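Enquirer: Use these hints to put chain B onto chain A, whose structure you have.
Number of protein chains: 2
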Amino acid sequence: MTPQSEDFSAWYNELVFKAELVDRGPVRGTMVIRPYGYRIWELLQAGIDRRIKETGHVNAYFPLLIPESYLRREAEHVEGFAPELAVVTHAGGKELEEPLIVRPTSETVIGEMMAKWISSHRDLPMLLNQWANVVRWEMRPRMFLRTTEFLWQEGHTAHVDEDDAIRETLLALDLYASVAREIAAMPVVAGEKTAGERFPGARRTFTVEGMMRDGRALQSGTSHYMGTNFAKAFNIQYTAESGELEYAHTTSWGMTTRMLGGVIMTHGDDKGLVLPPVLAPYQVVIVPIGRGDQAGQVLPPAQELAGRLQRKGIRAHVDTRTHLSPGFKFNDWELRGVPVRLELGPRDLAGGTTLMSLRLGQGKTPVSLDSAPARLEAELGAFQDMLLRRATDFRDEHTNTVGSWGEFAEAVKTGWALAPHCGQPSCEDDIKAETSATPRCIPLDGPPAEGRCIRCELPSAYGKRLVFGRAY
Amino acid sequence: MTPQSEDFSAWYNELVFKAELVDRGPVRGTMVIRPYGYRIWELLQAGIDRRIKETGHVNAYFPLLIPESYLRREAEHVEGFAPELAVVTHAGGKELEEPLIVRPTSETVIGEMMAKWISSHRDLPMLLNQWANVVRWEMRPRMFLRTTEFLWQEGHTAHVDEDDAIRETLLALDLYASVAREIAAMPVVAGEKTAGERFPGARRTFTVEGMMRDGRALQSGTSHYMGTNFAKAFNIQYTAESGELEYAHTTSWGMTTRMLGGVIMTHGDDKGLVLPPVLAPYQVVIVPIGRGDQAGQVLPPAQELAGRLQRKGIRAHVDTRTHLSPGFKFNDWELRGVPVRLELGPRDLAGGTTLMSLRLGQGKTPVSLDSAPARLEAELGAFQDMLLRRATDFRDEHTNTVGSWGEFAEAVKTGWALAPHCGQPSCEDDIKAETSATPRCIPLDGPPAEGRCIRCELPSAYGKRLVFGRAY
Chain A
1 MTPQSEDFSA WYNELVFKAE LVDRGPVRGT MVIRPYGYRI WELLQAGIDR RIKETGHVNA
61 YFPLLIPESY LRREAEHVEG FAPELAVVTH AGGKELEEPL IVRPTSETVI GEMMAKWISS
121 HRDLPMLLNQ WANVVRWEMR PRMFLRTTEF LWQEGHTAHV DEDDAIRETL LALDLYASVA
181 REIAAMPVVA GEKTAGERFP GARRTFTVEG MMRDGRALQS GTSHYMGTNF AKAFNIQYTA
241 ESGELEYAHT TSWGMTTRML GGVIMTHGDD KGLVLPPVLA PYQVVIVPIG RGDQAGQVLP
301 PAQELAGRLQ RKGIRAHVDT RTHLSPGFKF NDWELRGVPV RLELGPRDLA GGTTLMSLRL
361 GQGKTPVSLD SAPARLEAEL GAFQDMLLRR ATDFRDEHTN TVGSWGEFAE AVKTGWALAP
421 HCGQPSCEDD IKAETSATPR CIPLDGPPAE GRCIRCELPS AYGKRLVFGR AY
Chain B
473 MTPQSEDFSA WYNELVFKAE LVDRGPVRGT MVIRPYGYRI WELLQAGIDR RIKETGHVNA
533 YFPLLIPESY LRREAEHVEG FAPELAVVTH AGGKELEEPL IVRPTSETVI GEMMAKWISS
593 HRDLPMLLNQ WANVVRWEMR PRMFLRTTEF LWQEGHTAHV DEDDAIRETL LALDLYASVA
653 REIAAMPVVA GEKTAGERFP GARRTFTVEG MMRDGRALQS GTSHYMGTNF AKAFNIQYTA
713 ESGELEYAHT TSWGMTTRML GGVIMTHGDD KGLVLPPVLA PYQVVIVPIG RGDQAGQVLP
773 PAQELAGRLQ RKGIRAHVDT RTHLSPGFKF NDWELRGVPV RLELGPRDLA GGTTLMSLRL
833 GQGKTPVSLD SAPARLEAEL GAFQDMLLRR ATDFRDEHTN TVGSWGEFAE AVKTGWALAP
893 HCGQPSCEDD IKAETSATPR CIPLDGPPAE GRCIRCELPS AYGKRLVFGR AY
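In order, the protein sequences belong to chains A and B. 472 is the number that the working numbering gives the last residue of the first sequence; the numbers go up by one with no jumps. 944 is the number that the working numbering gives the last residue of the second sequence; the numbers go up by one with no jumps.
So here's chain A without its partners, still in its complex pose:
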């Protein structure tokens, strides 16, 4: 495999196939998510879904096909999505009277339904979420990061006023930050997008941005305050306590299969994937050592050990492939990012131990079979924490508070620059043309800082420094 340091992009493109996470779909830009990749997605989903429900949201399902006219009702929305749409023109053997859009996102159809379901202030807030596939035609597809079809959840909520809607927008953002940190071990920065990077139809867009090991930023989840734009386009109105008819304020927010790309590029190395234990399909793989008769002797105790680990809630797996050598298996499980490998041979067994190797560790440590479940539970917790710490250190080492344009241009070659900006779209364009860097966000927890734009020297528009970086 191409080493990360030599060509990060080639490393990524080779790894996603070699680790059997994905395959190419028959249509350009589409992705087959193979069982190993899909299991990671399921584990991520479970963590997101639990948090979504705990915060009072309910799941629902809305149709895939949306009448073309719906998208036109919100002018910015249709303008933003028009180039990416897939259109059904024929169905049931006939040409349709009105073409149907394969949903690129569901604001419009959910807006139409909210208008039907909401009549009183008692119906608010309405807190919906959907797990679904969406289609956005991609000119430069890349597995997980930009695919013509992807999987996601999309939250859609309606509120009595701006205050409540903004509270929700930030709650979703916070949920994404905690998912990224606690599940994916990605130390994301949460902040607001500048006007040029807003979602089509949104009044405010917030984002969590992760730093990949090549120093680039990955937008990992976004949360939007729509104001009354969609409420007006779809007539989502309610009778207030005062008796007045008012427009609802809506939000939407989404996290996608793109997160798997984030996990790969935040933690992976030249040997392959490095999976946070919370997301690892197999947290511990046991490799029986020995050939022929020996292998037969070692297998039952290996299965027994796996059973004891499983009863502790650990996803343990015994590699029973008899036609492969232990060395091949070691490399294979390293490639697939398994956090802990255990070797169990006749001599280990005689001594009542197993040899433990950590995916990012050096050498092998004997662990007593009796204490293995407790020991491995602790090791997995420590491994998860270590990954977050390591990624945080990496991010901090590659983030520079810059004082000049020269420093800025240098910093964004290998990481992020914290810099004041004038807020002019033309100046953002200019920075992008010169350095490929864009404003990733106005960080929510950035300290107040006055100053002049790093590029054009007009006064800073945001009262704090922005995060700039090259992005995926």
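Note that these hints are calculated values from the structure, not bench results. Bear in mind that the values here come from a model prediction, so they are computed numbers and not experimental data. Among the clues, some could well be false.
Calculated pairs, DSBU-like style, for lysine-lysine (alpha carbon to alpha carbon, straight line, at most 35 angstroms) [said to hold, decoys possible]:
{"hint": "1", "chain 1": "B", "residue 1": "K784", "chain 2": "A", "residue 2": "K312"}
{"hint": "2", "chain 1": "B", "residue 1": "K801", "chain 2": "A", "residue 2": "K116"}
{"hint": "3", "chain 1": "B", "residue 1": "K743", "chain 2": "A", "residue 2": "K53"}
{"hint": "4", "chain 1": "A", "residue 1": "K413", "chain 2": "A", "residue 2": "K432"}
{"hint": "5", "chain 1": "B", "residue 1": "K588", "chain 2": "B", "residue 2": "K525"}
{"hint": "6", "chain 1": "B", "residue 1": "K490", "chain 2": "A", "residue 2": "K94"}
{"hint": "7", "chain 1": "A", "residue 1": "K232", "chain 2": "B", "residue 2": "K490"}
{"hint": "8", "chain 1": "A", "residue 1": "K94", "chain 2": "B", "residue 2": "K566"}
{"hint": "9", "chain 1": "A", "residue 1": "K18", "chain 2": "B", "residue 2": "K743"}
{"hint": "10", "chain 1": "A", "residue 1": "K53", "chain 2": "B", "residue 2": "K525"}
{"hint": "11", "chain 1": "B", "residue 1": "K566", "chain 2": "A", "residue 2": "K18"}
{"hint": "12", "chain 1": "A", "residue 1": "K271", "chain 2": "A", "residue 2": "K18"}
{"hint": "13", "chain 1": "A", "residue 1": "K432", "chain 2": "A", "residue 2": "K18"}
{"hint": "14", "chain 1": "B", "residue 1": "K525", "chain 2": "A", "residue 2": "K329"}
{"hint": "15", "chain 1": "A", "residue 1": "K232", "chain 2": "B", "residue 2": "K801"}
{"hint": "16", "chain 1": "B", "residue 1": "K704", "chain 2": "A", "residue 2": "K329"}
{"hint": "17", "chain 1": "A", "residue 1": "K329", "chain 2": "B", "residue 2": "K936"}
{"hint": "18", "chain 1": "B", "residue 1": "K936", "chain 2": "B", "residue 2": "K904"}
{"hint": "19", "chain 1": "A", "residue 1": "K312", "chain 2": "B", "residue 2": "K566"}
{"hint": "20", "chain 1": "B", "residue 1": "K525", "chain 2": "A", "residue 2": "K271"}
{"hint": "21", "chain 1": "B", "residue 1": "K836", "chain 2": "B", "residue 2": "K743"}
{"hint": "22", "chain 1": "A", "residue 1": "K18", "chain 2": "B", "residue 2": "K588"}
{"hint": "23", "chain 1": "B", "residue 1": "K566", "chain 2": "A", "residue 2": "K432"}
{"hint": "24", "chain 1": "A", "residue 1": "K53", "chain 2": "B", "residue 2": "K490"}
{"hint": "25", "chain 1": "B", "residue 1": "K801", "chain 2": "B", "residue 2": "K784"}
{"hint": "26", "chain 1": "A", "residue 1": "K53", "chain 2": "B", "residue 2": "K801"}
{"hint": "27", "chain 1": "B", "residue 1": "K801", "chain 2": "B", "residue 2": "K743"}
{"hint": "28", "chain 1": "A", "residue 1": "K232", "chain 2": "B", "residue 2": "K566"}
Expert: The following block gives chain B in isolation, referenced to the frame of chain A:
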């Protein structure tokens, strides 16, 4: 609401909307699954998914859009699906070179991938499953039962030979029977379809059939043995231990959101839904009794009781809506099929009890607050068992072993007929034209029985009686 006995179909069509299970989508034949309906689906999914994983299958995800040419590779398959396809002709602002089909099922794209992934007998069996949406254009749509888009799981497996593939086909069928019985309390009959009712491209099709309260049959899950039809169309070959190149034998099997229609029509009554506890979003609803100050006093103990039930694993909910009367709430939760309702007023509280009503019971029973969690756990288990028993009795009372064509014609007006058949498609057509009844299945556990066709008096072709009935 229209009573069941007066017009079953009108009852169903009103109930699905009144109970807020669904709404109409903007495109004809599409369905919005509202939160209350979607939660039932999630609970059903969890039960299916657990059984799928326990039997060694792994989930994956394949693209929504399939090149039109793929469908043409298996002649029966394309012929069967052609009238129901939705076709994407434009995407990314351009007309596509080859039209894309929105998947009606994924045999073709999964066949293409299996051909890539399978090379040796060691790769078999390959046991895949996918949770997905599919689109089949419907001329006579009906909520849950026939919608233009529906949600399902589709299992797709590949095997070394016919024996192993048939074993899998029957394993999936058995899985569906246990899901129907244990989760949905539907006493389905498992059997094989006659040739005329096979899946397009299958060599053998098996089904589980439930009886609805109007005596009609609902096909509730199907499992297909494809022989080598798809393996030959997509070139799914493996090297056998002998070194020979062989075609794999494949299967596919699916269960869908249609099951929710089955639950409604198996258990519901004139008051509304009756939900099996395993599928009930709320298993127990607590209605605080009293207005004004009293309501305020009762609410904290109601919440405390709900908390104790939840810690026991019971999905308990407190109805906190202060603007609605208790009587309105009682009707509302009956309509929504909640198995157990608890009333809690100041007098109950003073006596340390709560008043319990079962969804199909008579009157109210006082239950001590202290013992409520254990008591309700037992009541819910008993309610689940009772529903299955009740539905089994209903099915048996409405199933007749018939000895003449007159008895047959009479039996299928209100239920099922068990009858010998000649196996001629033209005779099946004739029976359907006369009575609207079709052969639902050749029951796996039907006792051997010779005899002459109930319609045309040619010798029986199956060695046992078939289940005939009118179907959804």
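Enquirer: Does each hint fit the structure? Answer for all of them.
Expert: Taking the hints in turn, this is what the structure says about them:
1. K784(B) <-> K312(A): The hint holds at about 21 angstroms.
2. K801(B) <-> K116(A): Holds: K801(B) and K116(A) sit about 22 angstroms apart, inside 35 angstroms.
3. K743(B) <-> K53(A): holds, 30 angstroms
4. K413(A) <-> K432(A): holds, 12 angstroms
5. K588(B) <-> K525(B): holds, 23 angstroms
6. K490(B) <-> K94(A): holds, 34 angstroms
7. K232(A) <-> K490(B): Distance ~27 angstroms between K232(A) and K490(B) Cα, so the pair holds.
8. K94(A) <-> K566(B): Between K94(A) and K566(B) the Cα gap is close to 20 angstroms, so the pair holds against 35 angstroms.
9. K18(A) <-> K743(B): violated, 57 angstroms
10. K53(A) <-> K525(B): Holds, at about 24 angstroms.
11. K566(B) <-> K18(A): Satisfied, since the Cα-Cα distance of roughly 33 angstroms is no more than 35 angstroms.
12. K271(A) <-> K18(A): holds, 11 angstroms
13. K432(A) <-> K18(A): It holds: about 34 angstroms lies between the C-alpha atoms, which stays within 35 angstroms.
14. K525(B) <-> K329(A): Answer holds: K525(B) to K329(A) is near 24 angstroms, not above 35 angstroms.
15. K232(A) <-> K801(B): holds, 33 angstroms
16. K704(B) <-> K329(A): holds, 33 angstroms
17. K329(A) <-> K936(B): At roughly 53 angstroms apart (the allowed maximum being 35 angstroms), K936(B) and K329(A) break the hint.
18. K936(B) <-> K904(B): holds, 20 angstroms
19. K312(A) <-> K566(B): Outside the cut-off at roughly 55 angstroms; violated.
20. K525(B) <-> K271(A): holds, 30 angstroms
21. K836(B) <-> K743(B): holds, 17 angstroms
22. K18(A) <-> K588(B): holds, 14 angstroms
23. K566(B) <-> K432(A): Answer holds: K566(B) to K432(A) is near 29 angstroms, not above 35 angstroms.
24. K53(A) <-> K490(B): holds, 24 angstroms
25. K801(B) <-> K784(B): holds, 25 angstroms
26. K53(A) <-> K801(B): holds, 24 angstroms
27. K801(B) <-> K743(B): holds, 13 angstroms
28. K232(A) <-> K566(B): With a Cα-Cα distance of about 31 angstroms, the restraint between K232(A) and K566(B) holds, given a limit of 35 angstroms.
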